[in-house]
Amino acid sequence: MPDSSRQQRLRKLVQEVAGKPAPADEEESLFESGLLDSFALPDLVSAIEKEFTIKVPDSDLNPRKFDSIARMDAYLADHM
Amino acid sequence: MSAYLHAFGSHLPERVVTNAELAERTGKTAEWIESSSGIQQRRWAAPETGIAAMGVSAAESCLKTAGFPTNKIGMLIVASGSGARGFPGPAAAIADRLCLLSVPAIDLPMASAGSLFGLALAMRLTETYGDILVVASEKMSQIIETEPLDANTAILFGDGAGAALVSSRPGRWRMLDAVLHTDGQYREDLVFDGTGPLRMNGLTVILQAARKIPASIEEVLARQNLSAPQVTAFLLHQANLNLLTRVAKALNVGPEKIFANVQRYGNTSSASMLIAATEWAGTNPAKGPVVFSAFGAGFHWGALVADSAD
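Sequences listed follow chains B and S, in order. The opening position of the first sequence corresponds to residue 1 in the numbering used here, with each subsequent residue numbered one higher. The opening position of the second sequence corresponds to residue 1 in the numbering used here, with each subsequent residue numbered one higher.
Worth double-checking, as some hints may not be accurate.
Derived EDC-like pairs: lysine to aspartate or glutamate, alpha-carbon spacing no greater than 20 Å straight-line [claimed, not checked]:
| no. | chain 1 | residue 1 | chain 2 | residue 2 |
| --- | --- | --- | --- | --- |
| 1 | S | Lys249 | B | Asp58 |
| 2 | B | Lys55 | S | Glu219 |
| 3 | B | Lys65 | S | Glu188 |
| 4 | S | Lys249 | B | Asp78 |
| 5 | S | Lys249 | B | Glu16 |
| 6 | S | Lys249 | B | Asp37 |
| 7 | S | Lys249 | B | Glu49 |
| 8 | B | Lys65 | B | Glu28 |
| 9 | S | Lys287 | S | Asp310 |
| 10 | B | Lys65 | B | Asp78 |
| 11 | B | Lys20 | B | Asp67 |
| 12 | B | Lys55 | B | Glu32 |
| 13 | S | Lys249 | B | Glu51 |
| 14 | S | Lys28 | B | Glu32 |
| 15 | B | Lys65 | S | Asp189 |
| 16 | B | Lys20 | B | Glu51 |
| 17 | B | Lys12 | B | Asp43 |
| 18 | B | Lys12 | B | Asp25 |
| 19 | B | Lys65 | B | Glu27 |
| 20 | B | Lys65 | S | Asp183 |
| 21 | B | Lys55 | S | Glu218 |
| 22 | S | Lys28 | S | Asp150 |
| 23 | S | Lys28 | B | Asp37 |
| 24 | B | Lys65 | B | Glu51 |
| 25 | S | Lys64 | S | Glu219 |
Which chain S residues face chain B? A few, computed with CB under 8 Å, are given here [claimed, not checked]:
| no. | residue |
| --- | --- |
| 26 | Arg199 |
| 27 | Gly202 |
| 28 | Leu203 |
| 29 | Thr204 |
| 30 | Ile206 |
| 31 | Leu207 |
| 32 | Ala210 |
| 33 | Lys212 |
| 34 | Asn242 |
| 35 | Arg246 |
| 36 | Ser308 |
Sample of chain B residues with no beta-carbon within 10 Å of chain S, all distances over it, derived [claimed, not checked]:
| no. | residue |
| --- | --- |
| 37 | Gln7 |
| 38 | Lys20 |
| 39 | Glu28 |
| 40 | Val45 |
These are computed hints drawn from the structure, not numbers from a lab. All residues carry an ideal CB built from backbone N, CA and C; glycine is no exception.
Just chain B, same shape as in the assembly:
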């Protein structure tokens, strides 16, 4: 069951990093849609760490884990 509050916080972070609203579809790829580029990804991961008070280890720095709101939500569900 997705945590709607967590997804809202993720949407806010994506909007802050991208400078544009996050897609309505939580499954939509943030990279293939062009919303985020390779240099926005490190910023997004840092923002997630700060917002959710977690440390994403280097071994988890796989772009696929942060490719959509749904994937980020799933990652956080497993690590919080």
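Dock chain S against chain B, hints included.
Just chain S now, with coordinates in the frame of chain B:
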């Protein structure tokens, strides 16, 4: 053990390839190329100019700056990731052209982190082998220049060579410490398999580099009881101006401390750090700690710290 950096040298091909030229061939705009990389132009070598020739030119430039005779070199270390042939690598050809006919000449086929690994090895080996010449030479245009050009890689890379002289004799900068790392699980994310073209998963490369470069710098500085704000200059692999900016931010230092010439030469892989060092050293830089750091295919990465010797 004491090791010193005495001098740097570089070679850059004459031909300037502008963003306007690549925009036409990649279907992108010159503005997009600059905003995504910070690169305004790069140099591409002539078809007849090889990796060994550029490496020899950089080596001679370095030795001239050092005022050091070639025949006193005790070891040659050559980094190159874009060499087109398997074995022998370019170290043998460069040693031959420098008339170094009996000293060990070692290839490091490592791409972007090659010159950093070369410097770190030289730092440890100079006590045994005396004066060590570290050369890095890349002809990246020959591994990306395929038609149609791949916009994700063709805009980034340039050709060139750099060199550094490392010795146990006292010189301008005393080499204090180095940390080197490799994580082979990412070896398919940045690859040149010898037949080309180069393949790069940019998302993974940038994500990992943006973390590992600052982390390795902080690691080596902590071992020497130093912190990033105490460093006079950071001489990094010139991958992309946007990455250099993020490294500065992660280290909490001003961008002016990160020496950058990627705007003019693009990413020359292993050569870039030594080309940057050559230009930086020529500016009569302020004294104090200086940090070298690189990240590249493998992934290999690390950092080295030196300090003014006088």
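Which earlier hints can't be squared with this structure? The structure conflicts with hints 4, 12, 25, 26, 36, 40, although it agrees with all the remaining ones.
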